[in-house]
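**Q** Protein sequences appear in the order of chains H and P. Residue numbering for the first sequence follows numbering that gives the first Met the number 0, starting at 0 and increasing by one per position. Residue numbering for the second sequence follows numbering that gives the first Met the number 0, starting at 0 and increasing by one per position.
Just so you know, these hints were derived from the structure itself, not from any lab. All clues stand as given, with none of them false.
Residues from chain H shown here face chain P by an in silico Cβ test under 10 Å; the list is partial: (1) 113; (2) 140; (3) 170.
By construction, the Cβ of each residue, glycine as well, lies at the ideal position given by its N, Cα and C atoms.
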Amino acid sequence: MGGDEDLAKSLESHRKYLMRYAVFQLRDPSLAEDAVQDTIIAALAQRASFEGRSQLRTWLTSILKHKIVDIVRKRARGLPADAMQLGDEDGSSDAWFTEQGRWIDPPADWGLPDAALDSKQFWLVYRKCCQRMPERHALVFSMREVMDMSTDEICKKLDISTSNLHVILYRARLSLRSCMTKKWFSTEHG
Amino acid sequence: MGKLMYSCEQASKLSSRALEEPLGRLDRSLLGFHLMMCRGCSNFARQIQFLSRASHKVPEALEKDEG
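Turn these sequences into a full structure, and let the hints guide you.
**A** What follows is the structure, encoded as structure tokens:
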């Protein structure tokens, strides 16, 4: 009995972090709240499988990832069937390249960018730039790079082809790179 | 012969794909050749690698928000 109370208490102590994680991915506080709620319920139900297997937060985060993906899939079902597919606007690279495939605005040097990782301001800019991407690009990018899911897993969960995935990630990176250049690396921070 | 020279668009696409899966030998050497010759694309390749590194640190950054 005491053990359960302890668990409930420590779950509570991780709630804020889980909320920030979910809001980052879902961009919507009420959806994020649902995901975190479901995570805590699942954690309590599966507590036997935890038993110090790993850090509590790591375990909770791995449950949360699945809940986030579930929510996104449910939402995608409400959208037109091809909402996760690429529209025409995504197929063209007009914004970045000439007809001959040359950079319109060739990427300039960022110097040694890793120092920025310690800056709070950098993360605010990063988050803003992620939010500028079309929602499905941001989500796929996040599943791949933040949630560290394999390409196979992402394709299966979202029911998209590998080549579709490559295009989405490519376009997400073009967009993020360009935004970070404008908002961070060509300012005094960079 | 033209096919053996990648455009910047093709090269940057491959640099991105290389973050998902190992490239074939031909792609790898043609990309390497392009990156050697092209400052813009080699900056792009380095920058998306950095952004990948950064993105993996998002959970860590979210923890620090607790401050």
